[in-house]
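Peer 1: Input sequences plus hints: build the corresponding full structure.
Taken in order, these protein sequences are the chains called A and B. Residue 407 is where the first sequence ends in the working numbering, and the numbering goes up by one at each step. Residue 407 is where the second sequence ends in the working numbering, and the numbering goes up by one at each step.
These aren't lab readings, by the way, just hints derived from the structure by calculation. In this text, a Cβ means the ideal position worked out from N, Cα and C, and glycines have one as well. There's no promise every hint is true.
To be verified - Only some residues are given here: those of chain A computed to face chain B with a beta carbon under 8 Å:
| hint | residue |
| --- | --- |
| 1 | 164 |
| 2 | 167 |
| 3 | 172 |
| 4 | 185 |
| 5 | 189 |
| 6 | 193 |
| 7 | 211 |
| 8 | 214 |
| 9 | 215 |
To be verified - Derived list of chain B stretches under chain A, where covered just means 3 residues or more per stretch with a C-beta under 8 Å from a C-beta of chain A:
| hint | segment |
| --- | --- |
| 10 | 126-137 |
| 11 | 156-167 |
| 12 | 173-186 |
| 13 | 191-199 |
| 14 | 210-221 |
There are 2 protein chains.
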Amino acid sequence: MATRRKVVALSGGIGGAKLALGLARVLAPGDLTIIANVGDDFEHLGLHVSPDIDTLVYTLAGLANPELGWGRTGETWTFMATLEQLGGPAWFRLGDGDLAMHVMRTHRRAQGVPLSTVTADICAALGVVPRVLPATDDSVRTRVRLDEGWLDFQDWFVGRRAAPPVRELAFDGAATARPLPAVLDALADPELHAVVVCPSNPLISIEPILCVPGLREAVRACTAPVVAVSPLIGGRAVKGPTAAMLNDLGAGATVGAVVERYRDLLDGFVLDEADAEAAPALAVPTIATKTLMLTLADRIRLAEDVLAFADRIGATPG
Amino acid sequence: MATRRKVVALSGGIGGAKLALGLARVLAPGDLTIIANVGDDFEHLGLHVSPDIDTLVYTLAGLANPELGWGRTGETWTFMATLEQLGGPAWFRLGDGDLAMHVMRTHRRAQGVPLSTVTADICAALGVVPRVLPATDDSVRTRVRLDEGWLDFQDWFVGRRAAPPVRELAFDGAATARPLPAVLDALADPELHAVVVCPSNPLISIEPILCVPGLREAVRACTAPVVAVSPLIGGRAVKGPTAAMLNDLGAGATVGAVVERYRDLLDGFVLDEADAEAAPALAVPTIATKTLMLTLADRIRLAEDVLAFADRIGATPG
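Peer 2: Here it is, written out as structure tokens:
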């Protein structure tokens, strides 16, 4: 029987979703709230695509595609084949089942239903128990400046395979976005046990969450310990452009650079055993453990390690 | 080598598309223009669906689904399965490949591209040689009045399986719709050889074309013979609600009632051999032939019969 511990996790897509699934398995039903990045959201073919929310939902629903590492299991691709035949854009792959999410979301949002409600309804339909909350119902759109100029995030990330170096980041709409009230409530809950910053890209997965006005302050002000899990293993990212972006943006692909991003928030930092020697130089309590999550058991074990670490920090008067 | 004869066909969906395919095989490339009904068009899940245009396109492209009698061949249904899982509406079946048409059309129309241009581009992409022209780029929406009140066409046709009797028809938007200029040009072409009214439902497939202001007049004024093909065989429709609607709306399911619908337009009427005895009572020249089109050979033969009949009428000073 799991202990009741309310936890808020901040998460981007794939890596974050793996730890979120581990946390969901460890915590009692109803105790996990996940704040999801919407900076990767975009309009494609007139459809509202929410890549990180969908990855979280598919992962938590047991529907994630194990071969691709993204999208749905049992996916078919007739839509894409036909779209290409019609001369439509092929650079962003939309599976036939995945498309149902985007069509439903687009249709309901056009009717005035907020993204958070659509997400909650999708979770309910798919039996996803943890709350998945977009950081905001407003539009926040990550943009990247390359040497050649500004690009929308997905045009760089998928369209250009995240290859060209990023010189600057912007989060369009962030300045006027309103944090989801349920997000602020979850962070202000006096019974909150821990805030976990998942091993997501700090620059493009966690930052678009924290840059929503009031959100960084709410994390900082919460009474529970805030623990981040390093997205780096030996200075490299398991997947995605985290290391390259940290290098290209001048911070360096080190755990120190990751801690620096969260400096005002953190009560603890979980790094990989491969980076254990960097721990003494970090200005925050750390534990070193295996952070690579290949199996469900890995995810559960890391979640347990993170929560046990948060327990210890929480028991120590700050 | 086919003779060059410019022909305009007025068509709804399935039955009309079969004869349109026959005409396409008989006529030289570039000689066939099809004016398509848009009264069945509707918005579903925020997507613009054009059932009759799509049936025409699929039929002419050799992509029609032979088992279903509608939709695309080689279709998959992952989108629908997922949509149902998400609690979305299941009453209107959207195949995964079919969806590519609707998404492309919706997206491009939202960008301001007219339906006629989208249709032309889809035809070009799929190698459809005949011109498929929506009667109008404006919105015309067929509505049906049942005993219980007014319904949108598809809610009755698909949602209610066309079962409840129709007491009245309306074509929302028709009064202010503008005929497609290319449609008027095709009908005014002095080289036009024939106008063929396909064996479609006169009430809900052909009428929404003719009720676009100026269109009925343009058919009436054209110099070529206008020949309609009966949608009835022995007082019954091959498929769909034509006979029931003719009965329910008081006209009776007879070739006489069909001719009456087109009275001011017709120069000739093609009826099925099963209805040959009704011919003498019709106030228009007729031929009787086999109008059931089970095979491609049937479609080609009927097209040849219709064109030969139009040739004879055209050779006779009216």
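Peer 1: Each hint needs a verdict: does it hold in this structure or not?
Peer 2: How the hints compare with the structure:
1. Interface hint at residue 164/A: satisfied, since its Cβ lies 7 Å from the closest Cβ of chain B, which is below the 8 Å cut-off.
2. Among the interface hints, the one on residue 167/A holds; its C-beta lies about 4 Å from the nearest C-beta in chain B, closer than the 8 Å criterion.
3. For residue 172/A, the interface hint holds, since its Cβ comes within 8 Å of a Cβ in chain B; the closest pair sits about 4 Å apart.
4. Against a cut-off of 8 Å between C-beta atoms, the interface hint on residue 185/A holds, since the closest Cβ of chain B lies about 4 Å away.
5. Given hint, residue 189/A at the interface with chain B, holds; its Cβ is 4 Å from that chain's nearest Cβ, closer than 8 Å.
6. Taking 8 Å as the C-beta contact cut-off toward chain B, the hint placing residue 193/A at the interface holds, the least distance being around 5 Å.
7. Hint on residue 211/A holds. Least Cβ distance to chain B is approximately 6 Å, under the 8 Å limit.
8. For residue 214/A, the interface hint holds, since its Cβ comes within 8 Å of a Cβ in chain B; the closest pair sits about 5 Å apart.
9. A hinted interface residue such as residue 215/A counts as satisfied when its beta carbon comes closer than 8 Å to some beta carbon of chain B; here the least separation is about 7 Å, so the hint holds.
10. Chain A is given as covering the segment 126-137 of chain B, and this holds because 3 residues of the stretch bring a CB closer than 8 Å to a CB of that chain, at least three being needed.
11. Under the rule that three or more residues need a Cβ within less than 8 Å of chain A, the assignment of the segment 156-167 of chain B holds, with 5 such residues.
12. For the segment 173-186 of chain B, the proposed coverage by chain A is satisfied: 7 residues have a C-beta within less than 8 Å of a C-beta in that chain, meeting the threshold of three.
13. Residue count for the segment 191-199 of chain B with a Cβ under 8 Å from a Cβ of chain A: 5. That meets the three needed, and the coverage hint holds.
14. Under the rule that three or more residues need a Cβ within less than 8 Å of chain A, the assignment of the segment 210-221 of chain B holds, with 4 such residues.
Going through the hint list in order, the structure satisfies each hint without exception.
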